Amino acid sequence: METIELLKTTRDKTLAFYDLPESELAKTYGPGKWSIRQILNHLADTEIVLNERIRRAIAELHPFVVVFDQERWSEQLDYNTYPLAISKAVFAAVRTSIIYLAEKHYAGSEQKTFFHTAAGIRTLQQEFDKVAQHNFDHIKQIEIALAS
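Note that numbering that gives the first Met the number 0 gives residue 26 to position 27 of the sequence shown, counting from 1, and the numbers run on in steps of one.
Hints listed in this document are in silico derivations from the structure and should not be mistaken for laboratory results. Accuracy of the hints is not assured; some may be wrong.
[To be verified] Computed list of lysine to aspartate or glutamate pairs in EDC-like fashion (alpha-carbon distance at most 20 Å, straight line): (1) K87 / E51; (2) K87 / D77; (3) K32 / D68; (4) K7 / D136; (5) K32 / E142; (6) K26 / D77; (7) K7 / E51; (8) K26 / E74; (9) K103 / E59; (10) K139 / D18; (11) K139 / E59; (12) K32 / D136; (13) K103 / E1; (14) K12 / E23; (15) K32 / E1; (16) K26 / D136; (17) K12 / E142; (18) K87 / D44.
[Unchecked claim] Derived Cβ-Cβ restraints for the label pairs, each shown as a range: (19) P20 / L76: 18 to 24 Å; (20) A117 / A84: 19 to 25 Å; (21) Y99 / P20: 30 to 36 Å; (22) S96 / L76: 19 to 25 Å; (23) A88 / P20: 18 to 24 Å.
Note that this is a predicted model, so its numbers are computed, not measured. Don't be surprised by glycine CBs; every beta carbon is placed ideally from N, CA and C.
Assemble the whole structure, with the sequences as input and the hints as a guide.
See below:
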């Protein structure tokens with residue numbers, strides 16, 4: 000599946016998960032793993048971070064971006080109690096922006112680069128692909144949790 004289509008299908012699947020009942024949101028995909036609620040809050044924050052990287056890669060010449068500590072974000076922002084209504088709105092709005100930018104800039108995006116403090120030199124195309132794949136991987140985790 001092409002990246003732009005995957006961005007759209009993963010968006011639609013993810014948005015539906017935000018409306019799960021509380022009993023389902025507490026499920027995890029394995030011992031010691033994040034709950035569905037935590038994953039959904041993480042997805043909203045990750046969209047923000049990756050959107051900023053994408054925008055920098057488009058607008059700046061060889062920008063420098065830093066890694067973010069997802070475990071620390073989960074703890075410090077308290078993903079266990081952070082309101083899902085806020086995260087759902089953030090996820091929906093930011094993903095709409097990313098899809099728009101991908102439709103406009105994906106072709107030729109392998110030419111635009113940025114420097115990531117952990118991964119080194121990356122391309123805009125890799126970052127668009129990462130957004131889609133990251134979301135896809137978390138959908139699989141949510142589906143495992145729901146099946147348990």
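Each hint, compared with the structure:
no. : hint                   : result
1   : K87 / E51              : 18 Å, holds
2   : K87 / D77              : 16 Å, holds
3   : K32 / D68              : 16 Å, holds
4   : K7 / D136              : 15 Å, holds
5   : K32 / E142             : 14 Å, holds
6   : K26 / D77              : 17 Å, holds
7   : K7 / E51               : 19 Å, holds
8   : K26 / E74              : 18 Å, holds
9   : K103 / E59             : 16 Å, holds
10  : K139 / D18             : 17 Å, holds
11  : K139 / E59             : 34 Å, violated
12  : K32 / D136             : 14 Å, holds
13  : K103 / E1              : 15 Å, holds
14  : K12 / E23              : 15 Å, holds
15  : K32 / E1               : 29 Å, violated
16  : K26 / D136             : 17 Å, holds
17  : K12 / E142             : 10 Å, holds
18  : K87 / D44              : 10 Å, holds
19  : P20 / L76: 18 to 24 Å  : 23 Å, holds
20  : A117 / A84: 19 to 25 Å : 32 Å, violated
21  : Y99 / P20: 30 to 36 Å  : 32 Å, holds
22  : S96 / L76: 19 to 25 Å  : 21 Å, holds
23  : A88 / P20: 18 to 24 Å  : 19 Å, holds
The structure fails hints 11, 15 and 20 (numbered hints given earlier, in ascending order).
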